Amino acid sequence: MRNSSHPITKKKKLSFTFNGKKYFGFKGDTLASALVANNVKTVGRSFKYHRPRGIFSAGSEEPNALVEIGKGPFRDPNTKATDIELFDGLQASSQNFLGSVNFDLMAINDLFKNFIGAGFYYKTFMWPQKFWEKLYEPVIRRAAGLGKLSMEADPSHYDKGYLHSEFLIVGSGISGLVSALLLAETGSEILLIEEDFILGGRLNSEKLQINGEKSSAWVDKTVKKLKSFKNVRILTRTTVYAAFDHGIFAALEKKTDHISVKNSKPRQINWKIYTKYCILASGALERSIAFPNNDRPGIMLSGSVRTYANRYGAHYGQKVAVYTNNDDGWKTANDLKDMGLEVKAIIDTRKEITTLSSNITSYLGQTVKKTYGRQGIKAIELSSGKKLNVDCLAVSGGWSSNIHLTCHKRGKPVWDNKYKNFLSANSRKKDDIIPVGAAKGTFSIQNIIPDTNRVILSLIKELGLNIPKPKELNSSREQYSCSLDLVSSTDPSNSFIDLQNDVTQKDIELSLKEGFKSVEHLKRYSTLGMATDQGKTSNILGLASMAQLKKTHISEIGTTIFRPPYVPIAISAFAGRSRGKDFRPTRLTPSHNSASKRKAAFVEAGNWLRAQWFPERGETFWRQSVDREVLQTRSSVGICDVTTLGKIDIQGKDCSDFLNFVYTNAFAKLPINRVRYGLMLREDGVAYDDGTTARLSENHFIMTTTTANAALVFRNLEFIRQCLLPDLDVHLISTTDSWAQYSVAGPNSRKLLQKIVDKPKEITNTKFPFMACRELTICGGVLARLFRISFSGELAYEVAVPSQYGNSLFNTLLSEGKEFNAIPYGTEALGVMRIEKGHPAGNEINGQTTAQNLGLSRMISKKADSIGNILSEREGFNNPDIGILSGFKPVDHRQKLEAGSHFISLGKKPIMRDDEGWLSSVAFSPTLGHYIGLGFVKNGSNRIGEKVLAVNPLQNKETEVEIVSPHFLDPEGIRQRG
Amino acid sequence: MARQALKIERPLDGYSKIISKLKIEEYQFDNLISLAIPLNSERKCRLNFKKSLGASMPNIEKSIINKNGVLGFRIGLDSLFVCNSTNFSFSRKTVPLLKQAFYITDQTGGWCGIRVEGEKVIEMLERICPLNLSIKVFAIGDVKRTIMDHLNVIIFREKEKKFILFSPSSSTGSFIKSIETSSRNI
Chain Y
1 MRNSSHPITK
11 KKKLSFTFNG
21 KKYFGFKGDT
31 LASALVANNV
41 KTVGRSFKYH
51 RPRGIFSAGS
61 EEPNALVEIG
71 KGPFRDPNTK
81 ATDIELFDGL
91 QASSQNFLGS
101 VNFDLMAIND
111 LFKNFIGAGF
121 YYKTFMWPQK
131 FWEKLYEPVI
141 RRAAGLGKLS
151 MEADPSHYDK
161 GYLHSEFLIV
171 GSGISGLVSA
181 LLLAETGSEI
191 LLIEEDFILG
201 GRLNSEKLQI
211 NGEKSSAWVD
221 KTVKKLKSFK
231 NVRILTRTTV
241 YAAFDHGIFA
251 ALEKKTDHIS
261 VKNSKPRQIN
271 WKIYTKYCIL
281 ASGALERSIA
291 FPNNDRPGIM
301 LSGSVRTYAN
311 RYGAHYGQKV
321 AVYTNNDDGW
331 KTANDLKDMG
341 LEVKAIIDTR
351 KEITTLSSNI
361 TSYLGQTVKK
371 TYGRQGIKAI
381 ELSSGKKLNV
391 DCLAVSGGWS
401 SNIHLTCHKR
411 GKPVWDNKYK
421 NFLSANSRKK
431 DDIIPVGAAK
441 GTFSIQNIIP
451 DTNRVILSLI
461 KELGLNIPKP
471 KELNSSREQY
481 SCSLDLVSST
491 DPSNSFIDLQ
501 NDVTQKDIEL
511 SLKEGFKSVE
521 HLKRYSTLGM
531 ATDQGKTSNI
541 LGLASMAQLK
551 KTHISEIGTT
561 IFRPPYVPIA
571 ISAFAGRSRG
581 KDFRPTRLTP
591 SHNSASKRKA
601 AFVEAGNWLR
611 AQWFPERGET
621 FWRQSVDREV
631 LQTRSSVGIC
641 DVTTLGKIDI
651 QGKDCSDFLN
661 FVYTNAFAKL
671 PINRVRYGLM
681 LREDGVAYDD
691 GTTARLSENH
701 FIMTTTTANA
711 ALVFRNLEFI
721 RQCLLPDLDV
731 HLISTTDSWA
741 QYSVAGPNSR
751 KLLQKIVDKP
761 KEITNTKFPF
771 MACRELTICG
781 GVLARLFRIS
791 FSGELAYEVA
801 VPSQYGNSLF
811 NTLLSEGKEF
821 NAIPYGTEAL
831 GVMRIEKGHP
841 AGNEINGQTT
851 AQNLGLSRMI
861 SKKADSIGNI
871 LSEREGFNNP
881 DIGILSGFKP
891 VDHRQKLEAG
901 SHFISLGKKP
911 IMRDDEGWLS
921 SVAFSPTLGH
931 YIGLGFVKNG
941 SNRIGEKVLA
951 VNPLQNKETE
961 VEIVSPHFLD
971 PEGIRQRG
Chain U
1 MARQALKIER
11 PLDGYSKIIS
21 KLKIEEYQFD
31 NLISLAIPLN
41 SERKCRLNFK
51 KSLGASMPNI
61 EKSIINKNGV
71 LGFRIGLDSL
81 FVCNSTNFSF
91 SRKTVPLLKQ
101 AFYITDQTGG
111 WCGIRVEGEK
121 VIEMLERICP
131 LNLSIKVFAI
141 GDVKRTIMDH
151 LNVIIFREKE
161 KKFILFSPSS
171 STGSFIKSIE
181 TSSRNI
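Protein chains in written order, with our numbering: chain Y, 1 to 978; chain U, 1 to 186.
Please note that the accuracy of each hint is not assured.
To be verified - Result set (BS3-like, lysine-lysine): computed pairs, CA atoms no more than 30 Å apart in a straight line:
{"no.": "1", "chain 1": "Y", "residue 1": "LYS581", "chain 2": "U", "residue 2": "LYS120"}
{"no.": "2", "chain 1": "Y", "residue 1": "LYS224", "chain 2": "Y", "residue 2": "LYS255"}
{"no.": "3", "chain 1": "Y", "residue 1": "LYS581", "chain 2": "U", "residue 2": "LYS23"}
{"no.": "4", "chain 1": "Y", "residue 1": "LYS224", "chain 2": "Y", "residue 2": "LYS13"}
{"no.": "5", "chain 1": "Y", "residue 1": "LYS272", "chain 2": "U", "residue 2": "LYS62"}
{"no.": "6", "chain 1": "U", "residue 1": "LYS21", "chain 2": "Y", "residue 2": "LYS225"}
{"no.": "7", "chain 1": "U", "residue 1": "LYS120", "chain 2": "Y", "residue 2": "LYS225"}
{"no.": "8", "chain 1": "U", "residue 1": "LYS120", "chain 2": "Y", "residue 2": "LYS224"}
{"no.": "9", "chain 1": "Y", "residue 1": "LYS351", "chain 2": "Y", "residue 2": "LYS337"}
{"no.": "10", "chain 1": "Y", "residue 1": "LYS230", "chain 2": "U", "residue 2": "LYS120"}
{"no.": "11", "chain 1": "Y", "residue 1": "LYS386", "chain 2": "Y", "residue 2": "LYS319"}
{"no.": "12", "chain 1": "Y", "residue 1": "LYS653", "chain 2": "U", "residue 2": "LYS177"}
{"no.": "13", "chain 1": "Y", "residue 1": "LYS669", "chain 2": "Y", "residue 2": "LYS551"}
{"no.": "14", "chain 1": "Y", "residue 1": "LYS513", "chain 2": "Y", "residue 2": "LYS469"}
{"no.": "15", "chain 1": "Y", "residue 1": "LYS214", "chain 2": "Y", "residue 2": "LYS224"}
{"no.": "16", "chain 1": "U", "residue 1": "LYS177", "chain 2": "Y", "residue 2": "LYS767"}
{"no.": "17", "chain 1": "U", "residue 1": "LYS7", "chain 2": "Y", "residue 2": "LYS759"}
{"no.": "18", "chain 1": "U", "residue 1": "LYS21", "chain 2": "Y", "residue 2": "LYS272"}
{"no.": "19", "chain 1": "U", "residue 1": "LYS161", "chain 2": "Y", "residue 2": "LYS254"}
{"no.": "20", "chain 1": "Y", "residue 1": "LYS255", "chain 2": "U", "residue 2": "LYS99"}
{"no.": "21", "chain 1": "U", "residue 1": "LYS161", "chain 2": "Y", "residue 2": "LYS255"}
{"no.": "22", "chain 1": "Y", "residue 1": "LYS418", "chain 2": "Y", "residue 2": "LYS225"}
{"no.": "23", "chain 1": "Y", "residue 1": "LYS581", "chain 2": "U", "residue 2": "LYS51"}
{"no.": "24", "chain 1": "Y", "residue 1": "LYS224", "chain 2": "U", "residue 2": "LYS136"}
{"no.": "25", "chain 1": "Y", "residue 1": "LYS751", "chain 2": "U", "residue 2": "LYS7"}
{"no.": "26", "chain 1": "U", "residue 1": "LYS62", "chain 2": "Y", "residue 2": "LYS230"}
{"no.": "27", "chain 1": "Y", "residue 1": "LYS230", "chain 2": "U", "residue 2": "LYS93"}
{"no.": "28", "chain 1": "Y", "residue 1": "LYS265", "chain 2": "U", "residue 2": "LYS21"}
{"no.": "29", "chain 1": "Y", "residue 1": "LYS370", "chain 2": "Y", "residue 2": "LYS113"}
{"no.": "30", "chain 1": "Y", "residue 1": "LYS517", "chain 2": "Y", "residue 2": "LYS418"}
{"no.": "31", "chain 1": "U", "residue 1": "LYS136", "chain 2": "Y", "residue 2": "LYS272"}
{"no.": "32", "chain 1": "Y", "residue 1": "LYS254", "chain 2": "U", "residue 2": "LYS162"}
{"no.": "33", "chain 1": "U", "residue 1": "LYS93", "chain 2": "Y", "residue 2": "LYS653"}
{"no.": "34", "chain 1": "Y", "residue 1": "LYS214", "chain 2": "Y", "residue 2": "LYS11"}
{"no.": "35", "chain 1": "Y", "residue 1": "LYS272", "chain 2": "U", "residue 2": "LYS161"}
{"no.": "36", "chain 1": "Y", "residue 1": "LYS272", "chain 2": "U", "residue 2": "LYS50"}
Stated by the list, open to error - Okay, the calculated beta carbon distance ranges per label pair:
{"no.": "37", "chain 1": "U", "residue 1": "ILE135", "chain 2": "Y", "residue 2": "LYS221", "range": "25 to 31 Å"}
{"no.": "38", "chain 1": "U", "residue 1": "LEU97", "chain 2": "Y", "residue 2": "GLY187", "range": "42 to 48 Å"}
{"no.": "39", "chain 1": "U", "residue 1": "PRO96", "chain 2": "Y", "residue 2": "ASP881", "range": "55 to 61 Å"}
Quick caveat, the hints were computed from the structure, so don't treat them as lab data. Nothing here was measured: the structure is a model prediction, and the numbers come from that model. Glycine included, each C-beta is placed from N, C-alpha and C at the ideal position.
Please take these sequences and the hints and turn them into a complete structure.
Printed below as a string of structure tokens:
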């Protein structure tokens, strides 16, 4: 029901649907407050027993009122009705029921409650074992649970961001605002974050006075003042959900969840916050009391009943009772009475107190023994036998400081016996979280204001900042004391400790009986404190129950510590904008646009998009294009963009010493304008990467790496330079992006290049032999680098120009090459030709092979030290029986080879024990007219001509292959030297 | 010799857009070279820098702009960049002078410059830039190397609400998309 004189009724009227029925609320409502105002009591069904459940709290601690909002792919399950800001057209529905929320067929579970307590499933469904995954678990999961996902991609979009502040203030209640006012005056950068959509925290829910005016009016003035500071930034609808080391916090901002017509802005932003100091003004969370059938709709936390009444003018019915173990419950009773409701009674578990209300009937030293009303509370019965008819029961088990964030940094909470509460035990360190107000265990406003002033001023003084003068604030006086009467033991199987997980007092007893005595074990055994509310309202009850059973004090029981996130975070929010094609950046080669125009098929190679092949008219199958490109290149000339290979500029007086150390082979004596193939090992002697390195001058080398390892090799070289050889004068710069590089391969490659270089005679075979390099000019003065190296085994060059000329050079090479029928070729043809030539690539240098496996052991210098040199001498690496890189061809040339096949000697069974190696790369060779492959086979170099089986168990295929030289084509290297 | 001269193609082809009142445009330059300071040669390099560019060599994460409009910035202990976006005859005159003291690598084609400017430029950048861009921390003329949306970026503050972002040319398509998305999302 709604108090018609409440200010919220003057605001815009909003319509929404709940379970398909239309209701009205007002701007400023939450879905929960609007449902309370519309007297909707049963909002959902419980997790396990499918008991009717209603709204229990007024914030993110809500365990019961989990609903689905949105439709189709926008459906968002398990959303707390207490967290949803009402907007026009909101569609919400209950979840976890079969039938309707008011008549749930699965409520049959409730009848068997005594048989299906904690651990029931695991103890019962043990036989037959194979039924667990196929039958039992799916059935149980369907019967119990929360909401359902739409199973469609989330069409909303999300973003991430970074925020920096000197002081992060979490929470904008009285302590947060007092802290912000003081810190703002210091000129420091302040970030004030509030989970709610309005600032003020509990000041909006109370009938308190500050400086003679309503606390909510004081909030408005204070916020206005804070907004006038340039150094203060305020975020509402934002939850700080995690604290990490080094002053890093995570927060989720809800940007458009409250807007009915969605705009193009992101729905939520996941902020990473860097701060020097965090002022934790997160307040406190109220806890319940465990008593028989304490989960009926209409039984709510006392402070929340007060919030709905004072902030939203909303309440269930007219007759209310308050059940409390502390002074705060009395405040609720008084506020409701002032509002005009009939407060039937205050039931306080404490005997020895003075009543805090003169005109409300109170029952001291009593408990609630029974409740009535399945779909909504109708009556309660006290321990004295007195029965009272009520529409709502407000329950208060006291307040717990909200110290989740301090726990994220491993701050183990300590018990405060004065207020029966766990507090943060963090000592003050530079990057520590500093609790203030109720989060610090200070519970009355008249104490919070001076205590927060003291804490913040002390911090300001410690940091040497300008010390502001605190404003005089006179407030109402509040009274708070609390008992530990949290658990009634009259009906343990119906006394709920954790509403979200249907954990009862009986489950705690069972846990203890089964030997799960520590809180960590209790949590895992019973699921106490798990799921979306993370036990915010139930943990203390669980501990109190365990303490009662063990006949010890709650402080002896200890507590589990909270872990991030404080509230559930959608996976999409973690992903942010990094979805689909935007999952990671894409790198394009300089000739990408030209390749696209030629309708090239592209392949991802790391972040790069590389042209895989260039289909021509009439080619309908990739092999047609690839075979043509190979044959055309081998018969005339082909051009391939090889810009993606890593290029590292190495300069300095000591760079030859540096290269001698990083490569297994020597580079110091490499002549200027010459190129050498180099092999790098890891420190454990395993092959790491290979490539060519060119010497342009005495102190200037250009190293190339494989595409895949470019960044890793560069990082490794920097490590060696900075950490292992810091006294060498060596400088490294990645120039992969700076130079566009093209392989020009084939018997006509020299003729083509002579058409573009400014001095054609400089690149004759005599003047520019195999493995030569030099800087020269092309196309009328453009600086270029020419390397005579060959991956294809053909007469070949790689020509590099500054990237800005790259696309133009690609097109020029093709247009100038028309007379030779020059063609572009892609990575597939490149791969085929390197296999034909027997060059190892990523499939062979895969982090599991050594120089010895690759047949490159002679490249390891015996004279000088280099990385991996010593460990490459290991006996196991030099065993004559190791796998050696070899070539393979099918005995029946019509047969296809499969990469990954394992070699088994003829006549042996294909079992692990007889495995002799594997086929690492295969291709159809258009040059030879059959499949060929490279691989590693035991003692391969001495088994040329032998036949073995290539077995592929995944495809159930066996192919007889012949071991041959890995150099299928031109083993003498006549072509590349021609 | 080839019949056609090679044409320069800029990574963003002169891109310029206004999104959410933010001006985003390609920052074009003729030369971008990196200078490496040889071991134990700081003093020699400082003298050479002054002689070559007529301005003091900047300290780490600081920059200078000389009278010819050449921007120099230092991103590490032994590493600087010099960027020439004017008609000044940089390659012919200045580079040979700098070579007398520094190790030089031409990076002109390796980087793409994007200038972003506007009232909400910080709000846009905070979606991708992990650095604290408060004017107190990152002043006008400051420069830093960082990561934005997985990409290596050098950020230079020209004015309070005007920045130049240098990112690798191969991934500049992804980076400009990232900037556009950030601009739309504020």
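Hints and how they fare:
no. : hint                            : result
1   : Y:LYS581 x U:LYS120             : 27 Å, holds
2   : Y:LYS224 x Y:LYS255             : 21 Å, holds
3   : Y:LYS581 x U:LYS23              : 26 Å, holds
4   : Y:LYS224 x Y:LYS13              : 26 Å, holds
5   : Y:LYS272 x U:LYS62              : 26 Å, holds
6   : U:LYS21 x Y:LYS225              : 28 Å, holds
7   : U:LYS120 x Y:LYS225             : 23 Å, holds
8   : U:LYS120 x Y:LYS224             : 22 Å, holds
9   : Y:LYS351 x Y:LYS337             : 23 Å, holds
10  : Y:LYS230 x U:LYS120             : 15 Å, holds
11  : Y:LYS386 x Y:LYS319             : 16 Å, holds
12  : Y:LYS653 x U:LYS177             : 42 Å, violated
13  : Y:LYS669 x Y:LYS551             : 83 Å, violated
14  : Y:LYS513 x Y:LYS469             : 58 Å, violated
15  : Y:LYS214 x Y:LYS224             : 16 Å, holds
16  : U:LYS177 x Y:LYS767             : 47 Å, violated
17  : U:LYS7 x Y:LYS759               : 20 Å, holds
18  : U:LYS21 x Y:LYS272              : 25 Å, holds
19  : U:LYS161 x Y:LYS254             : 27 Å, holds
20  : Y:LYS255 x U:LYS99              : 53 Å, violated
21  : U:LYS161 x Y:LYS255             : 24 Å, holds
22  : Y:LYS418 x Y:LYS225             : 36 Å, violated
23  : Y:LYS581 x U:LYS51              : 48 Å, violated
24  : Y:LYS224 x U:LYS136             : 25 Å, holds
25  : Y:LYS751 x U:LYS7               : 22 Å, holds
26  : U:LYS62 x Y:LYS230              : 26 Å, holds
27  : Y:LYS230 x U:LYS93              : 47 Å, violated
28  : Y:LYS265 x U:LYS21              : 15 Å, holds
29  : Y:LYS370 x Y:LYS113             : 18 Å, holds
30  : Y:LYS517 x Y:LYS418             : 26 Å, holds
31  : U:LYS136 x Y:LYS272             : 20 Å, holds
32  : Y:LYS254 x U:LYS162             : 29 Å, holds
33  : U:LYS93 x Y:LYS653              : 25 Å, holds
34  : Y:LYS214 x Y:LYS11              : 19 Å, holds
35  : Y:LYS272 x U:LYS161             : 22 Å, holds
36  : Y:LYS272 x U:LYS50              : 41 Å, violated
37  : U:ILE135 x Y:LYS221: 25 to 31 Å : 29 Å, holds
38  : U:LEU97 x Y:GLY187: 42 to 48 Å  : 45 Å, holds
39  : U:PRO96 x Y:ASP881: 55 to 61 Å  : 59 Å, holds
Taken one by one, the earlier hints fail for this structure at numbers 12, 13, 14, 16, 20, 22, 23, 27 and 36, listed in ascending order.
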